[in-house]
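S.K.: Listed below, chain by chain, are the residues.
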Amino acid sequence: MTIGRIAPETETPLLEVENLKKHFPIRKGLFSRVVGQVYAVDGISFSVAPNETLGIVGESGCGKSTAGKAILNLIKPTDGEVKLEGKRIDNLSGAKMRSVRKQLQVVFQDPYSSLNPRLRVGEIVGEPILNFDSRNRHAREERVIELLERVGLPADAAKKYPYEFSGGQRQRIGIARALALDPKMIVCDEPVSALDVSVQAQVVNLLMDLQQDLKLSYLFVAHDLAVVEHISHRVAVMYLGKIVELSDKHSLFSDPLHPYTEALLSAVPQPSPRRKPDRIVLKGDVPSPINPPKGCRFHTRCPYAFDRCYVEEPPLREVEPGRQVACHLHDDAEGTKGPSLPS
Amino acid sequence: MVATIESAEEDAVGQQGHDESALLEVEGLSTYFFTRDGVVRAVDDVSFSVAAGETVAVVGESGCGKSVTSLSIMGLLQTPPARIVSGHIKLQGRDLLTLPESEMRKVRGNEISMIFQEPMTSLNPVLTIGRQIGETLVLHEGLSEKEAESRAVELLRLVNIPEAERRVREYPHQLSGGMRQRVMIAMALACQPKLLVADEPTTALDVTIQAQILELMSDLKQKTGSAIIFITHDLGVVAEMAERVVVMYAGKKVEEAPVVDLFERPRHPYTAGLLDSVLKLGSSSGERGKRRLNEIPGTVPSLKDEIVGCPFAPRCSYATDYCRTDAPVLEEKAPEHFAACFHSDQLAEQEN
Ligand SMILES: Nc1ncnc2c1ncn2[C@@H]1O[C@H](COP(=O)(O)OP(=O)(O)OP(=O)(O)O)[C@@H](O)[C@H]1O
Ligand SMILES: Nc1ncnc2c1ncn2[C@@H]1O[C@H](COP(=O)(O)OP(=O)(O)OP(=O)(O)O)[C@@H](O)[C@H]1O
Ligand code: SF4
Ligand code: SF4
Ligand SMILES: [Mg+2]
Ligand SMILES: [Mg+2]
Chain A
1 MTIGRIAPET ETPLLEVENL KKHFPIRKGL FSRVVGQVYA VDGISFSVAP NETLGIVGES
61 GCGKSTAGKA ILNLIKPTDG EVKLEGKRID NLSGAKMRSV RKQLQVVFQD PYSSLNPRLR
121 VGEIVGEPIL NFDSRNRHAR EERVIELLER VGLPADAAKK YPYEFSGGQR QRIGIARALA
181 LDPKMIVCDE PVSALDVSVQ AQVVNLLMDL QQDLKLSYLF VAHDLAVVEH ISHRVAVMYL
241 GKIVELSDKH SLFSDPLHPY TEALLSAVPQ PSPRRKPDRI VLKGDVPSPI NPPKGCRFHT
301 RCPYAFDRCY VEEPPLREVE PGRQVACHLH DDAEGTKGPS LPS
Chain B
1 MVATIESAEE DAVGQQGHDE SALLEVEGLS TYFFTRDGVV RAVDDVSFSV AAGETVAVVG
61 ESGCGKSVTS LSIMGLLQTP PARIVSGHIK LQGRDLLTLP ESEMRKVRGN EISMIFQEPM
121 TSLNPVLTIG RQIGETLVLH EGLSEKEAES RAVELLRLVN IPEAERRVRE YPHQLSGGMR
181 QRVMIAMALA CQPKLLVADE PTTALDVTIQ AQILELMSDL KQKTGSAIIF ITHDLGVVAE
241 MAERVVVMYA GKKVEEAPVV DLFERPRHPY TAGLLDSVLK LGSSSGERGK RRLNEIPGTV
301 PSLKDEIVGC PFAPRCSYAT DYCRTDAPVL EEKAPEHFAA CFHSDQLAEQ EN
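These protein sequences, in sequence, are chains A and B. The working numbering puts the first residue of the first sequence at 1, with every later residue one more than the last. The working numbering puts the first residue of the second sequence at 1, with every later residue one more than the last.
Accuracy of the hints is not assured; some may be wrong.
Footprint (simulated), chain B over chain A, 3 or more residues, beta carbon under 8 Å [claimed, not checked]:
1) 99 to 108
2) 191 to 198
3) 220 to 227
4) 268 to 274
For lysine-lysine, the following DSS-like pairs were computed, each having C-alpha atoms within a straight-line distance of at most 27 Å [what the hints assert, rightly or not]:
5) Lys-159/A - Lys-304/B
6) Lys-160/A - Lys-304/B
7) Lys-184/A - Lys-69/A
8) Lys-294/A - Lys-215/A
9) Lys-146/B - Lys-28/A
10) Lys-160/A - Lys-83/A
Everything labelled a hint here was simulated from the structure, so no lab data went into it. Because the structure is a prediction, the values reported are computed rather than measured. Even for Gly, the Cβ is constructed at its ideal location relative to N, Cα and C.
Can you make the complete structure from the sequences, with help from the hints?
M.R.: Here it is in structure tokens:
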């Protein structure tokens with residue numbers, strides 16, 4: 001299926017993800033019998049062009065981090081393909097994967113558990129260099145200091161341990177580390193969630209500067225929609241393991257097509273104490289990725305759900321150039337094709 | 001959603017209905033870390049109070065001492081290296097700093113509870129979610145294990161965790177980041193505290209769940225009269241939840257004001273810079289990359305060095321020579337509006 005891609009055909013995408021799935025088995029009892037599956041990521045396809053930022057947003061637990069980890073080959077995908085510069089990486093392991101990892105770095109959501117508490121910051125940031133690069137010690141130390149300063153930490157931070165830093169400061173250490181090997185692509189899993197707004201602005205500016213200077217691509221997972229809007233070129237909205245909308249950011253934020261996207265945008269708290277929030281409050285139970293609802297996965301909470309939504313799953317389809325959505329409300333755009341088959 | 005909170009209604013009225021004065025008073029709190037290479041003045045002479053039923057937000061740059069302030073209130077600092085070198089923390093007039101640990105443990109379970117910033121490190125990885133929530137309930141409310149488990153399921157439902165019955169038997173690593181955070185929230189709400197200290201409680205949550213959690217906290221506040229200390233860097237959340245805001249910088253309180261005053265007439269340049277850095281949805285509609293976000297240039301000073309003059313001076317566009325030698329003290333610049341800045345008036349003029 002090529003629906004997942006909307007990058008210009010002329011350009012070879014840096015990253016291609018095809019029908020990626022990650023299911024976690026649920027085990028029970030004495031013999032750890034598998035009694036079910038968590039459909040954490042359930043068939044997603046997209047691509048990221050060189051120098052592009054693809055934002056990913058979606059409800060907590062919808063599979064964003066799992067998708068990131070599967071792409072990075074930190075966990076084995078259940079199905080699907082991941083290609084970097086046209087070459088499959090999802091089936092690599094050991095040394096081969098290590099050399100790919102140089103190009104594909106990650107900044108994690110949790111700045112607390114992602115740094116080794118026994119290493120000094122200088123060692124943490126310099127570790128990837130040590131593994132891949134034969135620079136001498138002096139050059140390495142200089143590089144570490146340069147990296148620390150780029151992320152807004154003082155040079156003497158190199159001699160300290162992670163516990164001596166606050167949450168936000170630790171996240172900057174993680175970003176410095178990810179930059180150490182001049183990667184082509186960084187998967188950023190909530191890289192600025194733990195930062196206060198002024199530092200967040202610094203880091204967002206920094207990430208964008210780095211992108212320009214180094215032609216980096218980002219897969220940028222975040223809850224802060226204003227940040228996603230600012231930093232991304234295109235945005236994918238996930239719900240229960242699937243992509244429900246994927247568009248260039250202007251269309252997505254000014255004219256969301258999927259009812260879930262619409263609800264998400266309306267829930268953003270406004271930084272002005274006199275304005276009363278005007279929200280679409282999602283009613284109904286949050287469904288589970290173990291028994292995803294039949295038909296459209298969003299129907300249990302969708303204010304527009306109609307009979308067809310309960311039985312037929314809407315496929316993600318292109319409804320305008322560069323805009324994909326998975327919702328029966330946007331079927332007419334398909335013209336005369338009539339009702340589509342459940343996928 | 002309402003069911004579990006309702007049960008607390010009676011004792012809320014009984015215990016707190018009469019009390020008009022401050023529920024919590026933090027007076028001159030200084031908490032330092034004594035490390036091998038120096039003393040870190042993480043919290044330096046900070047005072048504020050929280051009335052019953054009030055929500056006070058604490059904001060400030062990463063590393064300015066927000067979490068250390070809340071851990072000081074909870075009595076959960078690791079000593080050494082941390083030590084509270086001066087000050088009082090009074091809960092309904094009783095100084096918590098003089099209580100023995102055994103008493104403090106009761107206070108923590110029953111009267112104050114905390115939602116920690118780092119859900120992964122504050123949840124025990126080898127205990128199921130149900131056990132962790134249940135433990136508090138067995139300890140403080142004398143429930144049997146069976147009762148505790150069914151109450152844990154109820155609490156998970158309250159924070160909108162799907163399939164609560166199954167999730168209580170799972171371990172922290174099997175949950176997503178946002179679910180772990182909600183487990184922490186469920187634990188904190190378990191004992192219907194008088195004071196809830198929430199350290200970045202919604203940072204890991206998406207906005208729809210965040211909206212539900214904020215509503216839940218407002219509900220709790222209304223039904224039980226709980227006060228909330230809300231630490232967050234999301235100024236949208238501050239605007240929505242708080243009645244009063246305390247702004248910290250480099251271990252000190254630099255501004256305090258009712259929420260509307262603070263947003264509309266900040267009196268400290270750091271606060272003004274913070275408000276300028278806020279990114280609003282829809283504000284990036286121009287071509288991407290054309291506009292840089294406003295940031296406050298520079299970094300916070302090291303808390304290990306003696307700070308001479310105003311700690312914000314190296315980054316402040318209003319700074320004068322005076323600011324670099326003398327430390328401004330907190331003054332009431334307008335009714336109920338305090339700031340520690342020599343040139344507040346200049347800022348106020350500019351804002352107009
Ligand atoms: N190791 C695991 N074992 C079993 N289930 C898992 C595991 N890791 C994740 N899951 C489940 O997969 C689903 C997706 O989790 P994931 O961490 O990807 O969500 P997320 O979108 O990143 O959420 P958040 O915004 O809260 O970080 C969740 O239901 C989660 O419980
Ligand atoms: N164990 C420790 N040893 C030495 N210094 C510490 C220790 N814990 C915290 N600090 C220091 O105390 C200061 C205050 O930290 P705190 O965690 O309170 O910041 P914060 O305001 O909560 O920041 P954030 O917004 O990033 O969570 C920081 O400068 C930090 O480096
Ligand atoms: S397909 Fe139906 S239930 Fe699903 S989002 Fe569209 S209208 Fe709502
Ligand atoms: S006292 Fe001076 S340096 Fe400090 S915030 Fe005010 S103007 Fe800026
Ligand atoms: Mg995640
Ligand atoms: Mg903190």
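S.K.: Now tell me, hint by hint, if it's right for this structure.
M.R.: Results for each hint:
1. For the region 99 to 108 of chain A, the assignment as covered by chain B is violated, since 0 residues bring a beta-carbon within under 8 Å of that chain's beta-carbons and 3 are needed.
2. Only when three residues or more bring their CB closer than 8 Å to a CB of chain B does the claim for the region 191 to 198 of chain A stand; here the count is 6, and the claim holds.
3. Residues of the region 220 to 227 of chain A lying with their CB closer than 8 Å to a CB of chain B number 5, which satisfies the three-residue condition for coverage.
4. Against chain B, the region 268 to 274 of chain A contributes 7 residues with a C-beta closer than 8 Å to a partner C-beta. That satisfies the three-residue criterion, and the hint holds.
5. Using a Cα cut-off of 27 Å, the hinted pair Lys-159/A and Lys-304/B holds, with the two alpha carbons roughly 14 Å apart.
6. Straight-line distance between C-alpha atoms of Lys-160/A and Lys-304/B comes to about 13 Å, which keeps the hinted pair within the 27 Å bound.
7. Pair hint Lys-184/A plus Lys-69/A holds up; C-alpha atoms about 17 Å apart against a cutoff of 27 Å.
8. A C-alpha spacing of about 42 Å is found between Lys-294/A and Lys-215/A, which places the hinted pair above 27 Å, so the restraint is violated.
9. Distance check on the hinted pair: Lys-146/B and Lys-28/A sit about 20 Å apart at the alpha-carbon level, within 27 Å; holds.
10. For a cut-off of 27 Å, the pair hint linking Lys-160/A to Lys-83/A is broken: about 38 Å separates their Cα positions.
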